[in-house]
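Undergrad: So the chains spell out like this:
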Amino acid sequence: MREAAAAGDRSASWLLTCLAAWALPGAGHLMARRWAKGVVFLVVLPAMFLTGLLLGGRLFPFTVAEPLVGLAAVADLGIGLIYFLAGPFGLGSGRVVAVTYEYGNAFLIVAGLLNALVVLDAYDIAVGRK
Amino acid sequence: MTSHLLLMVLFAFFVSLVFAVLLADEPAAQARLGAKLFGGFLLGGLLLGWLMYPFPL
Numbered sequence: 001m002r003e004a005a006a007a008g009d010r011s012a013s014w015l016l017t018c019l020a021a022w023a024l025p026g027a028g029h030l031m032a033r034r035w036a037k038g039v040v041f042l043v044v045l046p047a048m049f050l051t052g053l054l055l056g057g058r059l060f061p062f063t064v065a066e067p068l069v070g071l072a073a074v075a076d077l078g079i080g081l082i083y084f085l086a087g088p089f090g091l092g093s094g095r096v097v098a099v100t101y102e103y104g105n106a107f108l109i110v111a112g113l114l115n116a117l118v119v120l121d122a123y124d125i126a127v128g129r130k
Numbered sequence: 001m002t003s004h005l006l007l008m009v010l011f012a013f014f015v016s017l018v019f020a021v022l023l024a025d026e027p028a029a030q031a032r033l034g035a036k037l038f039g040g041f042l043l044g045g046l047l048l049g050w051l052m053y054p055f056p057l
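Chains as they are written, first to last, in my numbering: chain A, 1 to 130; chain B, 1 to 57.
Source of the hints: derived by calculation from the structure; they are not laboratory data.
Be aware that a few hints might be false.
These stretches of chain A come out as covered by chain B in the derived footprint (C-beta under 8 Å, 3 or more residues) [stated by the list, open to error]:
id : region
1  : 34–41
2  : 100–109
Covered, in the sense of this in silico footprint (three residues per stretch, anywhere, with C-beta under 8 Å from a C-beta of chain B), are these stretches of chain A [stated by the list, open to error]:
id : region
3  : 46–59
4  : 117–126
Computed far set for chain A versus chain B, every beta-carbon distance over 12 Å [unchecked claim]:
id : residue
5  : 13
6  : 15
7  : 19
8  : 20
9  : 24
10 : 31
11 : 67
12 : 68
13 : 87
14 : 88
15 : 89
16 : 90
By construction, the Cβ of each residue, glycine as well, lies at the ideal position given by its N, Cα and C atoms.
Based on the provided sequences and hints, a complete structural model is requested.
TA: Spelled out as structure tokens, the structure:
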């Protein structure tokens with residue numbers, strides 16, 4: 001019974017870590033007391049996302065009809081709750097005529113995908129693999 | 001900033017930094033890995049650019 005309770009605590013712990021790591025880049029590592037890594041991800045990933053927005057990149061809509069657009073939308077969402085701050089600041093609608101439009105898209109998509117890797121790393125730390 | 005080269009350098013910097021911190025634990029190892037990744041990105045980008053140069057749009 002104690003083992004079951006401990007197992008339950010561990011699964012709640014890694015789940016919370018992963019959710020935190022997704023919501024705020026680096027938060028999972030900070031929770032695991034990997035301070036340097038956490039701070040780096042906390043600074044660099046939002047900076048990359050912001051760069052993409054300022055370059056005129058677009059936060060793609062979630063659409064099934066166009067699979068690649070839908071996949072790009074999923075990748076964009078990988079950055080976490082910061083994704084939802086773009087709209088209120090008038091960013092993310094995409095300036096197609098901008099010279100840097102496609103670069104902006106690349107920065108936005110890759111920032112989200114890198115945070116997905118960061119979440120996986122936070123999971124490995126939470127379950128004791130690292 | 002509209003320079004293709006500077007944007008490529010910035011992109012390579014961000015990605016190399018994140019991968020270096022993810023894949024290595026000691027600062028010296030992170031710095032070495034990050035430098036290799038950064039150099040590889042830049043060289044690869046320049047090489048691919050020149051390889052594509054002869055081909056029409």
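Undergrad: When the hints from earlier in the document are held up against this structure, which numbers fail?
TA: none
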